[in-house]
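Enquirer: Produce the complete structure using the sequences and hints provided.
Protein chains in written order, with this note's numbering: chain L, 2 to 126; chain W, 230 to 362.
Calculated from the structure, these hints are not laboratory results. Quick caveat, the model's predicted, so the values are computed rather than measured. Glycine included, C-beta positions come from ideal geometry on N, C-alpha and C. Careful: at least some of the hints might be erroneous.
Stated by the list, open to error - Label-pair distances were calculated between CB atoms; the ranges are: (1) L:Arg18 to W:Gln246: 16 to 24 Å; (2) W:Ile257 to L:Asp88: 27 to 35 Å; (3) W:Ala305 to L:Glu97: 47 to 55 Å; (4) L:Gly36 to W:Leu356: 27 to 35 Å; (5) L:Ala21 to W:Ile257: 20 to 28 Å; (6) W:Gln246 to L:Phe14: 39 to 47 Å.
Unchecked claim - Dumping the calculated EDC-like pairs for lysine to aspartate or glutamate here, alpha-carbon to alpha-carbon at most 20 Å: (7) W:Lys346 to L:Asp22; (8) W:Lys247 to L:Glu25; (9) W:Lys348 to L:Asp91; (10) W:Lys346 to L:Asp29; (11) W:Lys346 to W:Asp289.
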Amino acid sequence: MSDRSEPVIFDEFDILRRLADDRELVQDVLMAFAGDIGNHLDRMDRAIKDRDLLAIRRIAHTVKGAAANVSADALVAAARMIEAGADQGDWTAITERVMALVAGVERYREVLRNRGWLLPLKEST
Amino acid sequence: MKILVVEDDFTSRLLLQKLLAPYGEVHIAINGREAMAAFRMAREESAPYQLICLDIVIPDLDGQAVLQEIRHLEEAEGIVRGNGVKIIMTTVVQDPLTIMNAFTHQCEAYLVKPIDKGKLVETLHRLGIYLPK
Numbered sequence: 002m003s004d005r006s007e008p009v010i011f012d013e014f015d016i017l018r019r020l021a022d023d024r025e026l027v028q029d030v031l032m033a034f035a036g037d038i039g040n041h042l043d044r045m046d047r048a049i050k051d052r053d054l055l056a057i058r059r060i061a062h063t064v065k066g067a068a069a070n071v072s073a074d075a076l077v078a079a080a081r082m083i084e085a086g087a088d089q090g091d092w093t094a095i096t097e098r099v100m101a102l103v104a105g106v107e108r109y110r111e112v113l114r115n116r117g118w119l120l121p122l123k124e125s126t
Numbered sequence: 230m231k232i233l234v235v236e237d238d239f240t241s242r243l244l245l246q247k248l249l250a251p252y253g254e255v256h257i258a259i260n261g262r263e264a265m266a267a268f269r270m271a272r273e274e275s276a277p278y279q280l281i282c283l284d285i286v287i288p289d290l291d292g293q294a295v296l297q298e299i300r301h302l303e304e305a306e307g308i309v310r311g312n313g314v315k316i317i318m319t320t321v322v323q324d325p326l327t328i329m330n331a332f333t334h335q336c337e338a339y340l341v342k343p344i345d346k347g348k349l350v351e352t353l354h355r356l357g358i359y360l361p362k
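Expert: Below, the structure is given as C-alpha cells:
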C-alpha cells in the first residue's frame, strides 16, 4: 500500500486546474521549468562548494516557488528540507537533501516525458 | 496599462508574464534594485506602472523593502494612500508576520504561490483591473 502522505512527483490535475486548462500555457511553463532548473542546481552546487548557507537557503527558496508553480510537489518538499537544513547549518543534511533534489528533478523530467509534456530523450547511437 | 513583474525565477516570471500580457504591457525586473530603477524611470517618463506583481525573496533588495520604498516615494510626491500603484505580493512565503508586514506597508493583495489563474483574475477584478475591450 502506498504512503498517501508522500508528495506526488507531478500533479497534472492541479496545474491544469490552476491554469484554467490552458494546455499551451502549461506546456510553456513546464518546458521553462525543465530547462531552467539545471541553472538553479548549478548555483546550488557552487553555493555548497563556497559553504554559503545564505545562498543555499535563497536558492532552495526560489526552487520551492518555481516547483510549486509547476505542481512538482516532491520537489517543493525537497527544497523545503534544504531550507531547513540551511537554517540549522547542517551540512550533512544539506548534501543529502540536495542529492535527493537532483534525483527528484530527473524523476520529474521523466514523468513529464512519459506524459507527453516534454520531448523524449534521443537514444544514443 | 503598464505592469511590472518582479521575480528572480524564470519559470514564475514567464507564468506571470503570460497571464498578465492580455491586460497590458508587461515589464520584468529580476531583483529589487531593477524594480526600483524601473519604477523611478517610469515615473520620470510620466508613464507610471499601474500594477506591480512583487516577489518577496529576491536578490539585492527584498520585496518588502521595495514595497516600502515605493510607498515612501509616492508619499513624498503627495500621492494619497490608496491612489498609488496597485501592488500584489506574489510569493511562496506565507507566515502571518510577513503577510501582516506587507499589508502594513500597503500592498493591495497577497497571493501565495503556486499562482492560480482564477485567484489572480479575481484579485485583479477586486482592484478594478479588467481585460481591455
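Enquirer: Work down the list of hints and note, for each, if the structure agrees.
Expert: Now the hints, each set against the structure:
Taken as a hint, the range 16 to 24 Å holds for the pair Arg18 (chain L) and Gln246 (chain W), whose Cβ atoms sit roughly 21 Å apart. Under the hint 27 to 35 Å, the C-beta atoms of Ile257 (chain W) and Asp88 (chain L), about 30 Å apart, fit the expected range. The supplied range of 47 to 55 Å is met by Ala305 (chain W) and Glu97 (chain L), whose beta-carbon atoms lie about 50 Å from each other. A beta carbon spacing of about 33 Å between Gly36 (chain L) and Leu356 (chain W) agrees with the range 27 to 35 Å that was offered as a hint.
The beta-carbon spacing between Ala21 (chain L) and Ile257 (chain W), approximately 23 Å, falls within the hinted interval of 20 to 28 Å. Against the hinted window of 39 to 47 Å, the Cβ-Cβ separation of Gln246 (chain W) and Phe14 (chain L) comes to about 24 Å, which falls outside the hint. Of the pairs offered as hints, the one joining Lys346 (chain W) and Asp22 (chain L) holds, with about 10 Å between alpha carbons and a cut-off of 20 Å not exceeded. Under the criterion of a C-alpha separation no larger than 20 Å, the hint pairing Lys247 (chain W) with Glu25 (chain L) is consistent with the structure, at around 11 Å.
Restraint check for Lys348 (chain W) and Asp91 (chain L): the C-alpha separation of about 37 Å exceeds 20 Å, so the hint is violated. For the hint linking Lys346 (chain W) to Asp29 (chain L), the alpha-carbon distance of about 15 Å falls within 20 Å, and the restraint holds. Simply put, Lys346 (chain W) and Asp289 (chain W) have alpha-carbon atoms about 29 Å apart, too far for the 20 Å limit, and the pair is violated.
In summary, the structure is inconsistent with hints 6, 9 and 11 from the numbered list given earlier, while agreeing with the others.
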